[in-house]
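Student: As given, the protein sequences belong to chains A and B, one line each in that order. In terms of our numbering, the first sequence opens at residue 1 and continues consecutively. In terms of our numbering, the second sequence opens at residue 1 and continues consecutively.
There may be inaccurate statements among the hints.
Interface residues of chain B toward chain A, partial, derived using beta-carbon atoms under 7 angstroms [said to hold, decoys possible]:
# : residue
1 : 41
2 : 42
3 : 64
4 : 135
5 : 239
6 : 246
Here are the computed lysine to aspartate or glutamate pairs in the EDC-like style, where the Cα-Cα straight-line distance is at most 20 angstroms [what the hints assert, rightly or not]:
#  : chain 1 : residue 1 : chain 2 : residue 2
7  : B       : 73        : A       : 169
8  : B       : 73        : B       : 19
9  : B       : 245       : A       : 213
10 : B       : 73        : A       : 195
11 : B       : 73        : B       : 241
12 : B       : 245       : A       : 169
Derived contacts from chain A toward chain B, CB cut-off under 8 angstroms, selection only [unchecked claim]:
#  : residue
13 : 61
14 : 116
15 : 164
If you're looking for bench data, these hints aren't it; they were derived computationally from the structure. We treat Cβ as the ideally placed atom computed from N, Cα and C, and that holds for glycine.
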Amino acid sequence: MDTSTYIALSGQFARDQEMAVLANNVANMSTPGFKGERMMFSEFLANAAGGSRISYVTQAGNNHDMSQGPLSHTGNSLDVALNGTGWLAVTTPNGTSYTRSGHFQLDPQGQIITSNGYQLQGDGGAALVVPDGAGDVTINPDGTVATRQGIVGHIPVVTFDNQQLMTAEANGLYNTTEAPQPIRTTQVVQGMVEESNIQPVLAMTRLMSGAREMTAVKNFADAENTRLKTAIERLGKTV
Amino acid sequence: MRSLSIAATGMLAQQLNVEVISNNIANLNTTSFKEQRAEFQDLLYQNERNVGVNSSDTGTLVPVGVQIGTGVKAAAVYRVTQQGNLINTNNTLDLAIQGHGFFQIEMPDGSTAYTRAGSFQLSSTGEMVTADGYIVQPGITIPQNTTAVTVNANGQVLAQVAGQIQPQTVGQLQLVNFPNEAGMALQGGNLLTETPASGAPVTGNPGTTAFGTIQQGYLETSNVNIVSEITNLITAQRAYEMNSKVIQTSDQMMSTLSQIQ
Numbered sequence: 001m002d003t004s005t006y007i008a009l010s011g012q013f014a015r016d017q018e019m020a021v022l023a024n025n026v027a028n029m030s031t032p033g034f035k036g037e038r039m040m041f042s043e044f045l046a047n048a049a050g051g052s053r054i055s056y057v058t059q060a061g062n063n064h065d066m067s068q069g070p071l072s073h074t075g076n077s078l079d080v081a082l083n084g085t086g087w088l089a090v091t092t093p094n095g096t097s098y099t100r101s102g103h104f105q106l107d108p109q110g111q112i113i114t115s116n117g118y119q120l121q122g123d124g125g126a127a128l129v130v131p132d133g134a135g136d137v138t139i140n141p142d143g144t145v146a147t148r149q150g151i152v153g154h155i156p157v158v159t160f161d162n163q164q165l166m167t168a169e170a171n172g173l174y175n176t177t178e179a180p181q182p183i184r185t186t187q188v189v190q191g192m193v194e195e196s197n198i199q200p201v202l203a204m205t206r207l208m209s210g211a212r213e214m215t216a217v218k219n220f221a222d223a224e225n226t227r228l229k230t231a232i233e234r235l236g237k238t239v
Numbered sequence: 001m002r003s004l005s006i007a008a009t010g011m012l013a014q015q016l017n018v019e020v021i022s023n024n025i026a027n028l029n030t031t032s033f034k035e036q037r038a039e040f041q042d043l044l045y046q047n048e049r050n051v052g053v054n055s056s057d058t059g060t061l062v063p064v065g066v067q068i069g070t071g072v073k074a075a076a077v078y079r080v081t082q083q084g085n086l087i088n089t090n091n092t093l094d095l096a097i098q099g100h101g102f103f104q105i106e107m108p109d110g111s112t113a114y115t116r117a118g119s120f121q122l123s124s125t126g127e128m129v130t131a132d133g134y135i136v137q138p139g140i141t142i143p144q145n146t147t148a149v150t151v152n153a154n155g156q157v158l159a160q161v162a163g164q165i166q167p168q169t170v171g172q173l174q175l176v177n178f179p180n181e182a183g184m185a186l187q188g189g190n191l192l193t194e195t196p197a198s199g200a201p202v203t204g205n206p207g208t209t210a211f212g213t214i215q216q217g218y219l220e221t222s223n224v225n226i227v228s229e230i231t232n233l234i235t236a237q238r239a240y241e242m243n244s245k246v247i248q249t250s251d252q253m254m255s256t257l258s259q260i261q
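With the rest of the complex left out, here is chain B:
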């Protein structure tokens, strides 16, 4: 019975769906987390009777064919790149991007990773680093004896050093965009990396065309919508149950067959 294996593909798909949903719910409070969705596609069809072929010499056509599908597969788990809400933290080095763009982070192995989670800190030498201690690119060093740091909407970093009247410009933050943001690879730790699917990064200053602006003292929350996650979870569970019901029924039918005298 084909129906057994077809229903099994359905159960596997719903299991993946629940896994994706549970990861979304688990990351409800993760800074700048982007909701993921599992996308499914139907599998190949077996053509047992072709539609549209001649059914007689006089040219009559078969109006409907017999096509039996073989189940479902996961086509993609994609990120919904919608902007998350901004929450006020009042922390000087918490930076949120309002609009498109990623901060560039230099990884310990010298490669570059990208993030929208702007909860930065200072290292012992005054460099701007992530919570994991990775350096934010382009490197910005806050001088000693700084009393206040201001990051304006265009990404300029100004430090007010004790004893000076004018704030001093210590650097310019830059953002990068990708042609296909959804094609970037997730690395964990709120980091993403470039892939052949994402395209090459385009660097620009915040606030210029196609780049978002910087909001100091704010963080971007995750864009997970808990109401839709819970409803998706319920739907997935029911779909799982129904697929298992198909398996049960197919099993019952097979047992009926085996009892024929």
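For reference, chain A alone in the conformation it holds in the complex:
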């Protein structure tokens, strides 16, 4: 069987996947702490009849774009943005996860939690508890959480040797099997959240070129179809 149609199919499949990744990036344009994904493809060589090799396209992986997103002011005293590399640790029912989505609130016991109810971890993984009636919470650039009644705790900022090994979970959380390393150079900024780091211009241009590439592959498939048709017609012609 002729393989060119299958090569074209692998091309179309790759475009379709990339479109899903781009659509997810654009859909999360207003998601705080969201990190963009970039699809990578690789060539897959297969042996064909006659000793030649033909190349399919296959998915290689998607890269997390771990660049800093812009910080935007919210005025909420429990909103925290990280200025620099690093992650905040939260306790989920499945263990520790990491996030840069910095909207937190208090639960009835005064613990600092995410909008999904997961506890923000202080030093040693303990929950941070703001005492009842302590008034306004101040979060200092080094991560120290304090009220007028004194220090509540410290929010550790951690990083990992290879952030590409992190897997994105839903709700702005990331998981990894690597051991967290404390990082002290990253500032914890109170009253701000980190916006998603999607750059609309890049997303839109990639979207358009993806559509054009799909048309190009389609044109190739069409041309191949015409070639086959012509070949069958000419070769089948009785002299």
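For this one, chain A is given, so just place chain B on it according to the hints.
Tutor: Frame of chain A; chain B shown alone:
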């Protein structure tokens, strides 16, 4: 094509964002209104190739996996509990809270609601009531023939009755705090109620630890910042447009596919 439904979640999210922003702008002049913000989160990811798994017998690892996200959802619409500005109204029974705390209001069904909108009035019997006629708790009755009412910073209500030299203390206003103010439920009419998320109310006198003080003759304005609302509106509109562009492009790609001969 997954991209169609993914972009649809993006459009729905931006629509909610615009709704929240428009409610903020509509309440620009609502006493003690607290700005709301929509918070979004990414949806589940489909793992098509796992990161960090062995890619050969010699222990080499897959450096990056293939994870395809499925869109966005609204996680919360939360209130920014920042203090609004105080404006002078010169009205004796306009009370603003400077700092933390809520006034307690007795609802007609006997339950308690909470508000920071202190534009109070007197009922026909001299009781302090809200603009809707609901009684402020603890109940304060201003005697007849009162010429002036003073509410001091600590919430003591003093009435100067005609013919008396000393002002008479007629009551003490109390405030309540919640462990998680942002978890209270909005009821409309500037009222909020307790929820399991907000925690139980803690009552105290104004001016004591963790409670704000009372400013007579002032009202707290809404804390909506019109400049940031308008910029958020523009961002939301553009994001909406871009998501619709993704849908258009996906549609175009599908039509390309359907035309393959």
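Student: Are the hints correct? Go through all of them and say.
Tutor: Hint check results:
1. 41: 4 angstroms, holds
2. 42: 5 angstroms, holds
3. 64: 3 angstroms, holds
4. 135: 26 angstroms, violated
5. 239: Hint on residue 239/B: holds, closest Cβ of chain A at ~4 angstroms, below 7 angstroms.
6. 246: With Cβ-Cβ at 5 angstroms, under 7 angstroms, it holds.
7. 73/B x 169/A: Given that 20 angstroms is the threshold and the Cα spacing comes to 14 angstroms, the pair holds.
8. 73/B x 19/B: 15 angstroms, holds
9. 245/B x 213/A: This hinted pair holds, its Cα atoms lying about 17 angstroms apart.
10. 73/B x 195/A: 15 angstroms, holds
11. 73/B x 241/B: The hint holds at about 17 angstroms.
12. 245/B x 169/A: 26 angstroms, violated
13. 61: 3 angstroms, holds
14. 116: 7 angstroms, holds
15. 164: 5 angstroms, holds
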